[in-house]
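**Q** Sequence:
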Amino acid sequence: MQIRYVKDAEQKKNPHGADVRKMYASDHGQAMHITLEPKQSLKKHITPVDVFFYILEGKARVEIGDEAEIVEKDSIIESPAKIPHLVGNAGGGILRFLVVKMQKQEESTQLL
Numbered sequence: 001m002q003i004r005y006v007k008d009a010e011q012k013k014n015p016h017g018a019d020v021r022k023m024y025a026s027d028h029g030q031a032m033h034i035t036l037e038p039k040q041s042l043k044k045h046i047t048p049v050d051v052f053f054y055i056l057e058g059k060a061r062v063e064i065g066d067e068a069e070i071v072e073k074d075s076i077i078e079s080p081a082k083i084p085h086l087v088g089n090a091g092g093g094i095l096r097f098l099v100v101k102m103q104k105q106e107e108s109t110q111l112l
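Residue 81 in UniProt numbering sits at position 81 of the sequence shown, and the numbers go up by one each step.
Keep in mind the hints are simulated off the structure, nothing from the lab.
Among the hints, erroneous ones may be present.
The calculated DSBU-like cross-link candidates involving lysine-lysine, where the alpha carbons are at most 30 Å apart (straight line), are [to be verified]: (1) 104 - 82; (2) 13 - 82; (3) 101 - 44; (4) 73 - 44; (5) 59 - 22; (6) 7 - 101; (7) 13 - 73; (8) 39 - 22; (9) 12 - 104; (10) 73 - 7; (11) 22 - 43; (12) 12 - 101; (13) 73 - 59; (14) 101 - 82.
Okay, the calculated beta carbon distance ranges per label pair [as the list claims (entries may be wrong)]: (15) 110 - 70: 36 to 42 Å; (16) 57 - 106: 32 to 38 Å; (17) 83 - 54: 16 to 22 Å; (18) 111 - 10: 34 to 40 Å; (19) 82 - 16: 15 to 21 Å; (20) 28 - 80: 16 to 22 Å; (21) 111 - 6: 15 to 21 Å; (22) 84 - 12: 17 to 23 Å; (23) 5 - 80: 28 to 34 Å.
Predicted model only: the values in this text are computed from it and were never measured.
Ideal placement from N, C-alpha and C gives every residue a C-beta, glycine not left out.
Sequences and hints are given; from them, build the entire structure.
**A** Below, the structure written as structure tokens:
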């Protein structure tokens with residue numbers, strides 16, 4: 001078992017100037033923890049794979065393609081591959097969220 005804590009994860013340099021920390025990475029997927037300060041936003045960008053965002057804390061403005069929504073804690077937002085998107089802090093406090101890129105499970109889970 002491996003346990004990682006956000007506070008111990010190394011901050012990753014990125015073109016957004018955001019606090020980005022790699023929480024999980026394998027050949028099968030990755031999860032990044034991102035913190036944005038009030039009024040801070042990621043730059044609009046395109047990813048080559050499907051991703052989803054899970055809002056941990058705060059209020060976010062999410063743009064995907066021509067759509068934009070305000071979302072709050074405990075929301076999951078799907079972002080298809082190769083569609084321009086961005087996430088920005090729409091609240092007065094910090095915004096914390098996960099970006100998850102994974103492969104689809106092909107085999108059934110087996111009970112033991």
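**Q** Determine for every hint whether it applies to the structure shown.
**A** Checked hints:
1. 104 - 82: holds, 17 Å
2. 13 - 82: Satisfied, since the Cα-Cα distance of roughly 22 Å is no more than 30 Å.
3. 101 - 44: Given that 30 Å is the threshold and the Cα spacing comes to 17 Å, the pair holds.
4. 73 - 44: It holds: about 22 Å lies between the C-alpha atoms, which stays within 30 Å.
5. 59 - 22: holds, 22 Å
6. 7 - 101: Measuring from Cα to Cα gives roughly 21 Å; hence the hint holds.
7. 13 - 73: Distance ~25 Å between residue 13 and residue 73 Cα, so the pair holds.
8. 39 - 22: Given pair residue 39, residue 22 holds - Cα atoms ~23 Å apart, limit 30 Å.
9. 12 - 104: With a Cα-Cα distance of about 26 Å, the restraint between residue 12 and residue 104 holds, given a limit of 30 Å.
10. 73 - 7: Satisfied, since the Cα-Cα distance of roughly 20 Å is no more than 30 Å.
11. 22 - 43: It holds: about 19 Å lies between the C-alpha atoms, which stays within 30 Å.
12. 12 - 101: holds, 17 Å
13. 73 - 59: holds, 7 Å
14. 101 - 82: holds, 13 Å
15. 110 - 70: 36 to 42 Å: holds, 41 Å
16. 57 - 106: 32 to 38 Å: With Cβ atoms ~33 Å apart, the hint holds.
17. 83 - 54: 16 to 22 Å: Once the Cβ atoms are compared, 18 Å apart, the range 16 to 22 Å for residue 54 and residue 83 holds.
18. 111 - 10: 34 to 40 Å: holds, 37 Å
19. 82 - 16: 15 to 21 Å: holds, 19 Å
20. 28 - 80: 16 to 22 Å: holds, 19 Å
21. 111 - 6: 15 to 21 Å: This hint is violated: roughly 32 Å between Cβ atoms.
22. 84 - 12: 17 to 23 Å: holds, 22 Å
23. 5 - 80: 28 to 34 Å: holds, 31 Å
In summary, the structure is inconsistent with hint 21 from the numbered list given earlier, while agreeing with all the others.
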